[in-house]
Each structure stands twice: as C-alpha cells, then as structure tokens.
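2 protein chains.
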Amino acid sequence: MKDIKILKGNIIFTKNIKSFEVHENSYIVINKNIVVGIFKQLPEIYKDVKVTDYNDALIIPSFVDLHIHAPQYLQMGIGLNLELIDWLNQYTFKNEKLFSDVNHAKKVYPHFVEALYENGTLRSCIFATIHNKSNQILVEELAKKKLSAYVGKVNMDQNAPSNLIQTTEDSIRETIEFIEENSNSELIKPIITPRFAPSCTRDLLKQLGNLSIDMKVPIQTHLAETKNEVKWVKQLFPDCKSYSHVYKKHKLYCNSKTIMAHAIHLTKKEINLAKHENVYIVHCPNSNMNLTSGVMPLTHYLDKGIKVGLGSDVGAGHKIGMQDTIASAIQCSKIRHAINPSERILSESEAFYLGTKLNGSFFGKTGSFEQDYLFDALVIKDEHPLVDSLKPLERLQRFIYCGDSRSIIARYLEGQLI
Amino acid sequence: MKDIKILKGNIIFTKNIKSFEVHENSYIVINKNIVVGIFKQLPEIYKDVKVTDYNDALIIPSFVDLHIHAPQYLQMGIGLNLELIDWLNQYTFKNEKLFSDVNHAKKVYPHFVEALYENGTLRSCIFATIHNKSNQILVEELAKKKLSAYVGKVNMDQNAPSNLIQTTEDSIRETIEFIEENSNSELIKPIITPRFAPSCTRDLLKQLGNLSIDMKVPIQTHLAETKNEVKWVKQLFPDCKSYSHVYKKHKLYCNSKTIMAHAIHLTKKEINLAKHENVYIVHCPNSNMNLTSGVMPLTHYLDKGIKVGLGSDVGAGHKIGMQDTIASAIQCSKIRHAINPSERILSESEAFYLGTKLNGSFFGKTGSFEQDYLFDALVIKDEHPLVDSLKPLERLQRFIYCGDSRSIIARYLEGQLI
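From first to last, the protein sequence lines are chains Y and R.
What the first sequence shows, in this note's numbering, is residues 1 to 418, in sequence order.
What the second sequence shows, in this note's numbering, is residues 1 to 418, in sequence order.
No lab work stands behind these hints: they were computed from the structure.
Keep in mind that a hint or two might mislead.
If chains are identical, the list can't say which one is meant, so a pair holds when it fits in one copy or spans any two.
[To be verified] No more than 20 Å apart at the CA atoms, straight line, and that leaves these computed lysine to any residue pairs for SDA-like: (1) K251 / N182; (2) K381 / D404; (3) K216 / E186; (4) K381 / R406; (5) K249 / N278; (6) K381 / S405; (7) K97 / L390; (8) K97 / D388; (9) K40 / N25; (10) K269 / V22; (11) K241 / Q371; (12) K304 / C254; (13) K107 / L390; (14) K8 / G415; (15) K145 / P385; (16) K107 / P385; (17) K5 / V49; (18) K227 / S342; (19) K94 / I6; (20) K106 / P385; (21) K231 / P341; (22) K241 / N228; (23) K47 / E181; (24) K391 / F93; (25) K97 / V387; (26) K15 / N163; (27) K106 / E118.
Only a predicted model underlies this, so the values are computations on that prediction, with no experimental measurement involved.
Looking at chain Y on its own, in the form it has when it is part of the complex (with noise of 0.2 Å):
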C-alpha cells in the first residue's frame, strides 16, 4: 500500500468526447503514478491509507498546450495589430534574436515556466528558438519546475533575419546536438521543430525528415496559417502539391508524431491527407483572431475524422491559461455556426476534451482519469457567491469561462503534488 495515494473531491473528465464523466465527492485512487479508479466508497483494502480531502474541490485533468513559443511569452499582447507575417518581422524575429545571450533566456525561461505551472499547462510541445544554449535553459526550468514538455531548437536556414538564420549544416548538427543533449529525461524530450516551410531550404527540410526517422524524435510545425502564407509556400515549391506536400515530401508529415498548428487554410485533399496520417492539427483560437488569420473550421475537421488538438500559440495567442483557449475555441466555432449554420458548434466536452486527453494523447496515457492512465491533475477551488447552489459541472464551466489561475490550489503530475 506503500505507493497508494487517494485524493477525495468533486471528480470530473471527459472519456469520451461528447460528455463529461462527473463524480460528485468520490474517491481517486493512484498506484504511484497512475489511476486505479474512482470509487464513490472507498473499498475496504484502502481503509488504511491517508486520504488527500479536497472537499469540494473539483479535480480535474491537468492542461496540455500543443503549440506554444517559449520566446514570445514577452511579447504577448504586443504588436497584434498586425498580420503574419509583418508581426514576425517586426516583433517576433526581434525578440527570438535576444536569445542569442543565454543570460537573457536566464532571465526571461523561469518566468515563463512559472507562468505555465501556475495555469496548470503541466504539458506542453514548445517551441523554443535556434540558440541551443537557451534552449537548454529552458530545459532545465522545465525540469526545476517538473513539467513535462517537448522541446524543440527552431530551425531556419533561410527567409528570416541574417542572424536567425543558420547554415543548413549548422541547422542540423545543432538539431543533433540538442536531441542526444536530451535524449535521457522522461519528462522532457525533444522534438524536431522547422519552424515553416518558408524558413527552410529542401536540404533542410529534407535532413530533418530523415533525422525525425533515424532518431525516432517527433516533430512540431506550422501548417496554413495565413493566406498570403499559403501563396508564398505555394511560389517557394511549385512542385508540391500542396503546403501539406511540402511537409509530406520531406518526410515531415507522417512518420512519427506530428504537430501541425494552425491549418486554417487547407484543401479538400489536405484534409483528407491529415486524416489519412492522423497527423495532429492544432487549432490555435485566440492567435488566429489575433493575427486576423481566419479562423479554422474546427468541428468540420473533427466530423471529417481528423485529430484536432488546442494551443496557446502564446505570444500570437494572448493567453497562456488553457480553459482561456478552450473558451474561446469554442466562441469561434460559435461564430462560424452563426455565419454558416451547416457548422456545428463546438460542445463545452469537446472543447474540454481536446485540451486535456486528446492533447495528453501525444504524451501517451494522459488527460483523463481511466484506470491506468497517469494522474495528472489540477485542483480547482473556484469562486462563487453561491458555490453550493452550483452543480460541479456548472462550476467547471465557470472555471473554463471566467476563471483563472487564482483558482487553481493544487497541481499533480504522474502521481506527484508538484
């Protein structure tokens, strides 16, 4: 019984997408670090064991952001009167330069750790930039801090700033380099990140390919965000098909886990390659109203069968908390109903769902409270005039609308108070 944990509290997750799995004043029980199971009586073999009591406290499974720039958490809020690709040279590309000091990651990677750990991000696919040094940094605040995330050393070898680009040679021992750095930890581990299309070269494009199959290390991108991106991508490979081509030809789009954020502007037969390699599509709500990118039809992609996740995109998202992203993917979905009403609405459990087990889908069992599953958990003591007279799941809908760090109390990841 050594390794045996039980917390009490209003219990609440999604095992499957269409509803909520909610159990009032229950029981969970851990095995080290992973779900026994929830019982509304505590069977008499755990009689011995001391019980966490978080009264009526919800417990919920922890966040994971699948698209997040490390680098731009100074920038959030800033400079979002511009679109794409004038916001990466005026802000971004400035900003990510800095880190070229590692003093500088010093100062800026605790503060964004911190920030995730507070808003119960516990994991997280980051986009970090091409300095290997910071890039470490931010490896070992994650590791200070116990998160989990995928890391991943920005590639570009050209279209970018003369000192954000690297040679091509440069690009990808530097890329080998920061996956065998971190090739050990459990908890953190790298991922192969061309940052788009545009900023790499074919050699480039096509080295990471092979590295992503040689080293088995997934990869993480943007696909389709804008129009004029998608009209750039097309003149820069005119052979392709696609945008999703370019990534697919390269060996970038189907032969481990990928990430594909954004993918607002896809074609009928993109999206039935997405499905086809159950590659991740990240919808990113509060960036692709920020950057007037449009906005991705997100439940027609669900309803054609592809594997839709949620991100931040902190800094072009302006929000870092992630029931901020799933209100707001839902007030998307909601506008693009109103506008065409043969799209559905986004329901509160899809919504909720994404965030928490779809998204842990990509770090294995995680984001739901199945037996089995690892316990990662956030304890939400939330704020009400009249918090009795609210059922637990009207009280997590306020916490995914109105609520905020403030209410979260306690954190856990694998089994682990954090």
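Starting from the known structure of chain Y, arrange chain R on it as the hints suggest.
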C-alpha cells in the same frame, strides 16, 4: 492648494479615438475632482504639494461598462451552450427570480460590486431585476464601495415566467418609486429599463417613455440581439417599421440619453435612425459570441457616425474586466474583416477610447485626462520579466490583452482614492 492632488507615473489616455496620448514619467494635477493638467516638469506653483509617486506604473482612465446585468453575476460562464431565448428561459429568468428574496440580494450583490471594483469598472449601467427591495441593496452596496452607476429596475409585463411579470400598473408604480428613492445621489442614479420589447406591452412601453420625459431619466434596453428575436418583435409589433421603431414609437429612443445594447441585426433604416437620434449603441463582443448571436459590425457603425460603446454584458459575457471586452471587440472586428475585407479592423486606440472616453461620456466628462475632466483613474502595476524594456504603450497593450485585476493597484473616482 489644499484641494490639489498630484500623481506621478506613465500617463496614458485617448483624447481622440485615433491615437493614444502618452506622457511618460509625468505629473497629473487634480483640483478636488477634476484634472488641471499634465506636466513633464511640475510647475513651481505646486512645489509644496505632496506628490503620490507611482514610479513606473501606468495611470489610465478607469473603465466604464455600458451594459451589465447584476443578478447574472451568479451565472457567468454557465449555460452558454444555449442561444438567447432558451438561455433566458432555462437559466436567466430562474436566476433572477431568486432576487424576490432580499436576503439573496444581500448575499450576492456585495460580490458583484466587489468584482466591479476589483476589475476597475468604476462606472457602469446596470440591469438589476424587477424587485425593488433587492435593487436597493445593489444601490447600497455600490454606495459603500463608492462606485458610480446607473441602476435600472427591470420592467416586464408579458412573455416571461409568471413570477417575473408584474402588472403594467405595478411595474410603473415601482419604477417611479425606485426613481424617487434614488433621485438624490450624485454617484448612483436610476435609469428606465424595459428588458426588451417582447417582454413589455405597448401600454408599459408608452408609460415608460412618458416617465423618461417627465422625470428626466435616461433609458437602457436591448435591441436586435438575435435574428429570431427580431422576427418575434416583428410578429408582436407588425405596425412598427423595425425593432428600433418599436422603441422610437414609444418615446424610448430619443428623448434623453438612451442605451441600446447589442444592435447586431439592424436594417439600413435603423442604422440611419441610430445616427440621427444619436443613441448609444453598445457592442458586447463576448456575449455576441457566447450566445451565437452573430457579431455586431462595429467599425461599419463607427464609420457611419454612430455612437458605439462597449459592454461586458455579464452574464452572457463571461468576463467582467473591461480590458477583456476591449480585446474581444478587436478580435471580433478581425474576424469580420477576415470574412469581409471591406470591413476594417478596430484599432487598439479606438477600442480603448470606446471603453473609457466614449463610454464615460454617458456619465459626463469622464474617461479622459483632458483639462476639466473628472479624474477617474486606475493605476496599473504590470508584471513582465523585462518590464524596463517595454514602452508604456506596449505595457498598456499587454495589460489590455493579458492583464487582470491583479495588476490594478489603485482606483480613483472623481479625484478620490477609493
């Protein structure tokens, strides 16, 4: 000099809608309750007055909310999977009924008022409920916190649950009582508040219109929030040219200050009427999205010369902080622009102007730091890993997009620290 107060900090406001006015490290001099001027060097005449030095904090006009429902503070974030009429019937009316018990108001309204205060909304136009005893509790709580508001006793005499409907006679009599009871306060004033056309008989509308003229009391109501509501009004008032004309016909759309919340689905004639009568149209972007009502064509209205303000519309809006409403208004305009490029994007200065100076104009000369304006202000101490690297305006942008009440360290209403 005893009535002179001097604050120092980074002072930002919008005298004009098209740009921010930024005074770095400057002094703002207040005489009793009004602004004397802003100075980079403090004039010799004030050399013996104590300066309250907020160092590098931002000093901005406090927020004004032109549309918010006090009882709905309880239901923020709950039931937002429904559209307006279902949401009213399944959640809102049930919630408002509870305020027939004055003890309920005593429990709830202090929290609502505290939330306004915390979030820097120092003036607001509030829908209460039909229940005068509870309405008076709201007034008392606002007074205790030294906030300014127009508070409306809601009028309904048809098409609502029986226990929320009054006879026309009772509704009018209690409206007069509420107005008379609150006619002597400087900061908190009554406002005539027919809920919306469908819940009022012609007789009630007519008497309210006359009351507004006779007692010189302004008006607030809802207009054209959803397409189904517009159809319903057409059925109920077939003789009126449009929804707006229902109010116009009953003298509720011209004769004094008038607030029309939402106004999403207006005909061309109604747009012209709004301009001609110079009413306040209130955009509530979060509510627009949450109830799938559509999105008001804000910049189109502004460019037509209509006076458009902003409202949180709590509880259909899920954020009480006006900085969230300002950011959402920009986001909504970007979505409309992405769909229809002829509709332009709302700029940051425009959105800020609406939430401060334009909204403030409903209360008189407030919402700006021009000479002779009432000094209503917030002091913002924002968090950022490298705050010194940011310009004051970038910090304001960041507060608008990413900030919350935690950053507000002081609040001034009419020159007084509250």
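Going through the hints against the structure:
Proximity of K251 and N182 under a CA criterion of 20 Å is satisfied in neither setting, with 23 Å inside one chain copy and 72 Å between copies. With identical chains, the CA atoms of K381 and D404 are at most 20 Å apart both within one copy (11 Å) and between copies (19 Å). Taking the closest pair of Cα atoms, K216 and E186 come within 20 Å of each other only inside a single copy of the chain (15 Å); across copies the shortest separation is 71 Å, beyond that limit. Within a single copy, K381 and R406 get their C-alpha atoms as close as 9 Å, and across copies as close as 18 Å, so both meet the 20 Å cut-off.
In the homo-oligomer, the alpha carbons of K249 and N278 lie at most 20 Å apart inside one protomer (16 Å), although the nearest pairing across protomers, at 60 Å, exceeds that limit. In this homomeric assembly, K381 and S405 come within 20 Å of each other (Cα to Cα) both inside a single copy, at 10 Å, and across copies, at 18 Å. With identical chains, the CA atoms of K97 and L390 are at most 20 Å apart between copies only, with a shortest distance of 16 Å across copies and 49 Å within one. Taking the shortest Cα distances, K97 and D388 sit within 20 Å of each other only across copies (18 Å), while inside one copy they are farther apart (51 Å).
Within a single copy, K40 and N25 get their C-alpha atoms as close as 7 Å, which meets the 20 Å cut-off; across copies the closest is 60 Å, which misses it. Taking the shortest Cα distances, K269 and V22 never come within 20 Å of each other, neither inside one copy (39 Å) nor across copies (50 Å). For the identical chains of this complex, K241 and Q371 are neighbours neither inside a copy (44 Å) nor across copies (62 Å), given an alpha-carbon limit of 20 Å. Taking the shortest alpha-carbon separations for K304 and C254, only the intra-copy value of 18 Å comes in at or below 20 Å, while the best inter-copy value is 51 Å.
In this assembly of identical chains, the alpha carbons of K107 and L390 lie at most 20 Å apart only when taken from different copies (15 Å versus 43 Å within one copy). For the homomeric pair K8 and G415, the shortest alpha-carbon distance inside one copy (14 Å) is at most 20 Å, but the shortest distance between copies (50 Å) is not. Taking CA atoms no more than 20 Å apart as the test, K145 paired with P385 passes between copies only; the shortest distance there is 17 Å, against 33 Å inside one copy. Taking the shortest Cα distances, K107 and P385 sit within 20 Å of each other only across copies (7 Å), while inside one copy they are farther apart (40 Å).
Only within a single protomer do K5 and V49 lie at most 20 Å apart by alpha-carbon distance; the minimum there is 7 Å, versus 62 Å between protomers. In this assembly of identical chains, K227 and S342 lie within 20 Å of each other by CA distance solely across copies; the values are 17 Å between and 23 Å within a copy. For the homomeric pair K94 and I6, neither the shortest alpha-carbon distance inside one copy (48 Å) nor that between copies (38 Å) is at most 20 Å. In this assembly of identical chains, K106 and P385 lie within 20 Å of each other by CA distance solely across copies; the values are 10 Å between and 42 Å within a copy.
In this homomeric assembly, K231 and P341 come within 20 Å of each other (Cα to Cα) only across copies, at 18 Å, whereas the closest approach inside a single copy is 29 Å. Only within a single protomer do K241 and N228 lie at most 20 Å apart by alpha-carbon distance; the minimum there is 17 Å, versus 44 Å between protomers. In this homomeric assembly, K47 and E181 never come within 20 Å of each other (Cα to Cα): the closest approach is 45 Å inside a single copy and 62 Å across copies. In this assembly of identical chains, K391 and F93 lie within 20 Å of each other by CA distance solely across copies; the values are 18 Å between and 47 Å within a copy.
In this assembly of identical chains, K97 and V387 lie within 20 Å of each other by CA distance solely across copies; the values are 18 Å between and 48 Å within a copy. In this assembly of identical chains, K15 and N163 lie within 20 Å of each other by CA distance neither inside one copy nor across copies; the values are 47 Å within and 41 Å between. In this assembly of identical chains, the alpha carbons of K106 and E118 lie at most 20 Å apart only when taken from the same copy (19 Å versus 33 Å across copies).
The earlier numbered hints that this structure contradicts are 1, 10, 11, 19, 23 and 26.
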